[in-house]
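There are 2 protein chains.
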Amino acid sequence: MNAATPTLVPPASAPRLLQDGTLTRTELITPGKCGPNSLFVGCLGDWAWDAVSQACSVNAYDARDATGAPAYLSFSYFRIRGSRRINPLSLTFGDRLQVASKVFGQGSESVLTLHQVRHDDGKPPEPLDPERFHTSTDQNALYVEIFNRWISRTKPNSNQDLTRNAPVGFQYRHLPSVPPQYSPRLVFAQIRESGAFDPDPEPPRTVAELFYTEYRVEPSRDLNGVGLLYFASYFSIIDWSLLRLWRHLGRDDRSFLRRLVLDQRVCFLGNADADAVLDVALTRRSALTDPTDELIDLVLTEKPTGRVLAVAALRLHGEQRERP
Amino acid sequence: MNAATPTLVPPASAPRLLQDGTLTRTELITPGKCGPNSLFVGCLGDWAWDAVSQACSVNAYDARDATGAPAYLSFSYFRIRGSRRINPLSLTFGDRLQVASKVFGQGSESVLTLHQVRHDDGKPPEPLDPERFHTSTDQNALYVEIFNRWISRTKPNSNQDLTRNAPVGFQYRHLPSVPPQYSPRLVFAQIRESGAFDPDPEPPRTVAELFYTEYRVEPSRDLNGVGLLYFASYFSIIDWSLLRLWRHLGRDDRSFLRRLVLDQRVCFLGNADADAVLDVALTRRSALTDPTDELIDLVLTEKPTGRVLAVAALRLHGEQRERP
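Chains as they are written, first to last, in the working numbering: chain A, 1 to 324; chain B, 1 to 324.
Hint data in this document are derived by calculation from the structure and do not stem from the laboratory. Nothing here was measured: the structure is a model prediction, and the numbers come from that model. Take these hints with a grain of salt, some might be off.
[As the list claims (entries may be wrong)] Restraint ranges, calculated between C-beta atoms of paired labels, are given here:
| hint | chain 1 | residue 1 | chain 2 | residue 2 | range |
| --- | --- | --- | --- | --- | --- |
| 1 | A | D252 | B | L210 | 29 to 39 Å |
| 2 | A | R192 | B | T137 | 52 to 62 Å |
| 3 | B | P124 | A | P156 | 36 to 46 Å |
| 4 | B | K123 | A | S57 | 20 to 30 Å |
| 5 | A | A281 | B | P304 | 30 to 40 Å |
| 6 | A | N140 | B | K123 | 43 to 53 Å |
| 7 | A | G169 | B | T289 | 45 to 55 Å |
| 8 | A | S57 | B | L262 | 38 to 48 Å |
| 9 | A | R258 | B | D253 | 27 to 37 Å |
Note that beta-carbon positions come from the ideal geometry of N, C-alpha and C, so glycine has one too.
The shape of chain A in the complex, shown without the other chains (with noise of 0.2 Å):
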């Protein structure tokens, strides 16, 4: 043994860039990494920040704007479509996944990062195509889009008016575009139009039932390294809120541990201090293409201001996972 051995379970491989800019790592899941309590979800946006920081030519994790001031790659747009094979919850300790990631020209001020997520087969990465990742059907790969913003504090010790901010050296111009339907913005438009995701997404609709739920912001868990409300914190509380309407329904807490997410889509609109109460309106459907499938919508709205921090939607299949 010398300096240089490597080791026999290696937790993850240095990530390598193909010719396309696609970032590609292997990953091994470990008790840190899964798990219901949205540490899998903590994993994607550290992915995203590493493709951004190798995309873009700046850190991250340490970016500045003109004055010094940090300008953080704040979480505007996460959606995370899985299937049974692969999703959030399925994974466990142990598994590897090899994950490819590319990051998409969105102007001077955002980023749009794809991940594309599979158990590792030690087959060669390929490299991430828009076009298939969007249109494809492959029930063994979770796809993740991300969109970041720029952003700094306007105020020392308030998560209040964030405002947009680049930092110093961010490089954007030579991304790729992604084409037009597949823009994040269009998520932006269609929220601000109607408050909601899909304000008519199966005609005829199915009667909706309506739940509310109080939520507050735990200043000892939710908050992240730099006092703002940890993106990942945003999923901990939709499945905080997921769980009372369960029990609203009668539904047991193992079901609840068993569910089967297929899609997530969390489209974040403000942060929050440590100290914030949050109304939760939930909205319950079923989904009419295949009736065992639940439609969960959801608006976080901070009191008494009424600013709404984030809207959510979910598709949960009928169908459960075995316990792990």
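With chain A's structure known, arrange chain B on it following the hints.
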């Protein structure tokens, strides 16, 4: 650019072995690895599993006994000793750490891992020496002790009555030993005898204050990827309880977020199901050696069985960190 191009901002180096068996790595602190949310504690646990996998020729992420049942490398004792300069809450986006880990023998069913963590200053890593580890007063290093035991479930779908169970292939006879005064078994003997880490730490003892709270295990975020109560969630439950004490004392949440925790010890005595309710008893006293330091003891007990799940002790420094 070709398939072997290294990336601009490598998130981590592949772990490397030194000749004495010390496993070293550099790690980039990302949003998923820091903050007031036990994410860094989760990393420390993963790095212990990596080190044990390497030292004991077993894949800790997919270990099984002779019947094929999973064996988990569960956390029995965890200590994180830091300083004003480096502690889990001081870490933030972009920090680069150098981690040195070494595994010591503790018989056929358990193992002790020591991590020494410091900001990476580019100097080559040194072998980890257990004597220096325990006696050093170096303010630039974080000293982490992790005692793991191999366990398995005895009943499917239950997190109670877990039993010791080492996996096939676990190699331990070659591991170095720690001096007896540093054995983690002394901690268990002490807790069995007195119910606390330091029954009489600094006589004459200062007056202790008692505070009680109740924590309901949260199925939407407290379990790990195999359905057990996640070891890092115990740290979150401790922090959650500490915040309730903080508020009870009339202190504000902002000062809680700036707390400086110099030392945390957690002894894990039992796991719990997703619907468990815990009594948390906190004892608070000031340290006589430095009256600005507070000592907090916690006992987590399952209701209504009275089963003790964990005993913990924290040392907080009166001076607070700056907000990141």
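Quiz item: Would you say the C-beta atoms of B/P124 and A/P156 sit inside 36 to 46 Å of each other?
Solution: Check passed, 39 Å falls within 36 to 46 Å.
Quiz item: Is the distance from the Cβ of A/R258 to the Cβ of B/D253 consistent with 27 to 37 Å?
Solution: For A/R258 and B/D253 the Cβ distance comes to about 35 Å; the hint holds.
Practice problem: Could you see if the CB distance from A/D252 to B/L210 stays within 29 to 39 Å? | Solution: holds, 36 Å
Quiz item: So does A/R192 sit 52 to 62 Å from B/T137, Cβ to Cβ?
Solution: Because 57 Å falls inside the window, the suggested range holds.
Self-check item: Distance restraint evaluation - B/K123, A/S57, Cβ atoms, bounds 20 to 30 Å
Solution: With a Cβ separation near 28 Å, B/K123 and A/S57 satisfy 20 to 30 Å, so the hint holds.
Exercise. Please test the hint of 30 to 40 Å on the beta carbon pair from A/A281 and B/P304.
Key: holds, 36 Å
Quiz item: Within 43 to 53 Å or not, the Cβ separation of A/N140 and B/K123?
Solution: holds, 44 Å
Self-check item: Beta-carbon spacing of A/S57 to B/L262 - inside the hinted bounds 38 to 48 Å or not
Solution: holds, 39 Å
Quiz item: Do the beta carbons of A/G169 and B/T289 sit within 45 to 55 Å of each other?
Solution: Check passed, 48 Å falls within 45 to 55 Å.
Comparing the model with each numbered hint stated earlier shows that all of them hold.
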